[in-house]
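Asker: As they're listed, the protein sequences go chains A and B.
Residues 1 to 401 (our numbering) make up the first sequence, in order.
Residues 1001 to 1401 (our numbering) make up the second sequence, in order.
Source of the hints: derived by calculation from the structure; they are not laboratory data.
Hints should not be assumed to be uniformly reliable.
[As the list claims (entries may be wrong)] Sample of chain B residues at the chain A side, in silico, Cβ under 10 Å:
1) H1162
2) L1166
3) R1170
4) E1173
5) S1218
6) R1232
7) K1245
8) L1252
9) C1255
10) G1256
11) I1366
12) A1367
13) H1369
Where is the CB? At the ideal position from N, CA and C, for every residue including glycine.
Number of protein chains: 2
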Amino acid sequence: MNADLKIQSRKIILDTIRKAERIARIDLARDTNISQATVTTLTAELIRQGLIEEVSRDEETERSQRGRPRVDLKLRSAAFLVAGLKIAGLTISVVIVDFEGKVVHEYKHQMDQSIFQADEMIKQIEMALAAATASVDLPVAGLSAIGIGIAGVVDANRGFVHWSPLFKKRNIEFGTQLSAALKKPVFIDNDANLVAMAEQYLGLGRNVTDFIVVTIESGVGMGIVVNNQLYRGIRGCGAEFGHIKVQLDGALCRCGQRGCLEAYVADYALLREASISTEQANDASPEKRILDLLADARRGDPTAQSIVRRSSRMFAMGLSNLVNIFDPQLIILSGERMQFDHLYAEDVMASIKDSIVQIDADPPEIAIHKWGDFMWARGAATFALHGVTDIALRGKVEHVV
Amino acid sequence: MNADLKIQSRKIILDTIRKAERIARIDLARDTNISQATVTTLTAELIRQGLIEEVSRDEETERSQRGRPRVDLKLRSAAFLVAGLKIAGLTISVVIVDFEGKVVHEYKHQMDQSIFQADEMIKQIEMALAAATASVDLPVAGLSAIGIGIAGVVDANRGFVHWSPLFKKRNIEFGTQLSAALKKPVFIDNDANLVAMAEQYLGLGRNVTDFIVVTIESGVGMGIVVNNQLYRGIRGCGAEFGHIKVQLDGALCRCGQRGCLEAYVADYALLREASISTEQANDASPEKRILDLLADARRGDPTAQSIVRRSSRMFAMGLSNLVNIFDPQLIILSGERMQFDHLYAEDVMASIKDSIVQIDADPPEIAIHKWGDFMWARGAATFALHGVTDIALRGKVEHVV
Chain A
1 MNADLKIQSR KIILDTIRKA ERIARIDLAR DTNISQATVT TLTAELIRQG LIEEVSRDEE
61 TERSQRGRPR VDLKLRSAAF LVAGLKIAGL TISVVIVDFE GKVVHEYKHQ MDQSIFQADE
121 MIKQIEMALA AATASVDLPV AGLSAIGIGI AGVVDANRGF VHWSPLFKKR NIEFGTQLSA
181 ALKKPVFIDN DANLVAMAEQ YLGLGRNVTD FIVVTIESGV GMGIVVNNQL YRGIRGCGAE
241 FGHIKVQLDG ALCRCGQRGC LEAYVADYAL LREASISTEQ ANDASPEKRI LDLLADARRG
301 DPTAQSIVRR SSRMFAMGLS NLVNIFDPQL IILSGERMQF DHLYAEDVMA SIKDSIVQID
361 ADPPEIAIHK WGDFMWARGA ATFALHGVTD IALRGKVEHV V
Chain B
1001 MNADLKIQSR KIILDTIRKA ERIARIDLAR DTNISQATVT TLTAELIRQG LIEEVSRDEE
1061 TERSQRGRPR VDLKLRSAAF LVAGLKIAGL TISVVIVDFE GKVVHEYKHQ MDQSIFQADE
1121 MIKQIEMALA AATASVDLPV AGLSAIGIGI AGVVDANRGF VHWSPLFKKR NIEFGTQLSA
1181 ALKKPVFIDN DANLVAMAEQ YLGLGRNVTD FIVVTIESGV GMGIVVNNQL YRGIRGCGAE
1241 FGHIKVQLDG ALCRCGQRGC LEAYVADYAL LREASISTEQ ANDASPEKRI LDLLADARRG
1301 DPTAQSIVRR SSRMFAMGLS NLVNIFDPQL IILSGERMQF DHLYAEDVMA SIKDSIVQID
1361 ADPPEIAIHK WGDFMWARGA ATFALHGVTD IALRGKVEHV V
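If we strip away everything but chain A, and leave its shape as in the complex, we get (with noise of 0.2 Å):
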């Protein structure tokens, strides 16, 4: 075997082992393919660098087995430590994770304002990161690398921001400015690609090989894993589900384009709608706005379910779209907001299932998993995992606790 099919071996490996938490030799050749001799040279190899270690099957599963104790591999969990960041509004969600992904500490740092020029946001990192590595009494310097997750138009491969929510400004290398702020490795992508690299190594989408998770926020984001593998588009902008258009002409978005999606699920969109037609007080707040008028909505009120409806029988049809691109095994609902319970509510999922190619087969399987920002941030961790993975097999092992 050459340098680079080595190096892509134990990435398949370590990928495996990760995913089965705890695996046996004979298990990981089997799973993976690669002959039990192979197995074997490559994984003491690892075990050598202090990536992985061996552990003894419990008691009780070692005695129904045949005679001697069997062993399975495990990844070496003191082998990094990283932190996940997911940034949104005007909150930093941190938490510090493992090398076996296990979460040793999660912190939220609040901000006073919720977009920055970039030096203002490596600011306010540093600062997360302090605190949060501070309050379980360790170095700053103790993390190998940082993952991110925010909003917008990310290139992840090198850390290019072509546009976010957070920044002032658009075109910014802020992957590279930060990697040289905090002297470790950054790794920076769009947040709904990492939920799917969350679902994929720690959720629901483990044992799923294509699979798409929409998240609902403030805005519409998609991941989409094709192959085990996510798929970020050749400049970083694939999975634009929010910005779909679901009607020429349609409702003006805040993109500047018309009917985008997010222009007919998102606050605003209903907002919009309210603002005209109901009589609602305009000096409320948006969420409190929001909230009277999903309890106008369940309460009866014809123009309250009239707008409701209608963004969610767009939602729906911008699922339908996407089970008729990709077919996936499961799509996966993901957001925290219980608020928009309208956009699973089932005539959601029965319009769907109407409005996508008919065969006499089961349709995707569609399953709904609210989770908070400190698993989105558990993504950017992963992330993060990924890549200080990928230096160690390179050779440029750093930081090994």
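Starting from the structure of chain A, add chain B where the hints point.
Answerer: The following block gives chain B in isolation, referenced to the frame of chain A:
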């Protein structure tokens, strides 16, 4: 290396030779990331198996190199002959190609109906193959495999036709039935997928890892190539671009649903509007009426222009949605029907660029590639060539000429 990895490596080598046509071992090692020693071993096996052969470089190239003559590897054209069929309307287009993919013969078989029971279709295919092979003095038995492209929803992995306009019934094990009748392997897929495969190996997609093909015939089709692989979806019904919804509760589609892209772009969609609003002779053939409508539009008739314009705009909206989801390197618009020039017009391209997520980077290239039924058939033949290659690599070589 264990058996599976070895088969995979040999497949990668054959695939790389197929794309390159002629390639030296040293370049093969570089392009495949397989070590030179392994390339030497595996190509020796492939030569022994009769799948590839050595050719010396032509004099001129040779002289510019150092001393001893350099040799390239190429596929051995005589290894297999396969037939690719495109079945549409009243015609079966047959192309016979050798293992290199070079066209040996092209043949068109005419039928007097366009919708069949499975056994009737098998008879038509047998007649088409008999006539096509007879005209080059070849027995049908000389063909190692058959590739077939049809419209509809096909699960290519198991040759299962969920639905096709060719068949009176749904849910047909057509691949299995035809393979039993012909006594040779049959590979069947949705025809737009096979156009994508033709582009991947013979056309504009040769040096592109991620691209999309959109086909415009009586319906609208699509093929997706992601990470160098055709993406079909889990149940075989991905890439249904013609049935993504572009209008909530929109125009009625042939599929029975409302608002499908096809219901705005296909012939019948244009004619539905023309029959209402223009003074066309309704006893003319649909082809004649379409040509008249498009001629009227070109002449400046406002109603005809309005009909054509909406169709173009809906098409542009659908394409921009594909860009927002896939962010591909390249979109290929493929179809032989010159009358659909309005869908390829400059304002369509401009409208796509205005409707995609705006970043400061060039949008994906959109190429127009009009080719006829025989090129679709060559896609089917390419699929068959991949199929026989797989069989040969698994050690069950048959029909080597």
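Asker: Compare the structure with each hint and give your call.
Answerer: Hint check results:
The closest approach between the C-beta of H1162 of chain B and any C-beta of chain A is roughly 4 Å, which is under the 10 Å cut-off, so the hint is satisfied. Here the hint on L1166 of chain B is broken, as its CB sits about 16 Å from the closest CB of chain A, past 10 Å. Because the closest C-beta pair between R1170 of chain B and chain A is about 6 Å apart, less than 10 Å, the hint holds. Residue-level restraint check for E1173 of chain B is violated (minimum Cβ-Cβ distance to chain A is 13 Å; threshold 10 Å).
Checking S1218 of chain B against chain A by beta carbon gives a least distance of about 17 Å; that is not within 10 Å, so the hint is violated. Interface hint status for R1232 of chain B: upheld, as the beta-carbon distance to the closest one in chain A is roughly 8 Å, under 10 Å. A distance limit of 10 Å between C-beta atoms decides the matter here; for K1245 of chain B the minimum to chain A is near 5 Å, and the interface restraint holds. Interface hint at L1252 of chain B: violated, since its Cβ lies 14 Å from the closest Cβ of chain A, which is beyond the 10 Å cut-off.
The beta carbon of C1255 of chain B is positioned within 10 Å of a beta carbon in chain A (closest approach about 7 Å), and the interface hint is therefore held. Because the beta carbon of G1256 of chain B sits about 8 Å from the nearest beta carbon in chain A, less than 10 Å, this interface hint is met. This hint is violated: I1366 of chain B has a C-beta 14 Å from the nearest C-beta of chain A, more than the 10 Å allowed. The beta carbon of A1367 of chain B is not positioned within 10 Å of any beta carbon in chain A (closest approach about 15 Å), and the interface hint is therefore violated.
Taking 10 Å as the C-beta contact cut-off toward chain A, the hint placing H1369 of chain B at the interface is violated, the least distance being around 19 Å.
When the structure is compared with the earlier hints, violations turn up for hints 2, 4, 5, 8, 11, 12 and 13 and for no others.
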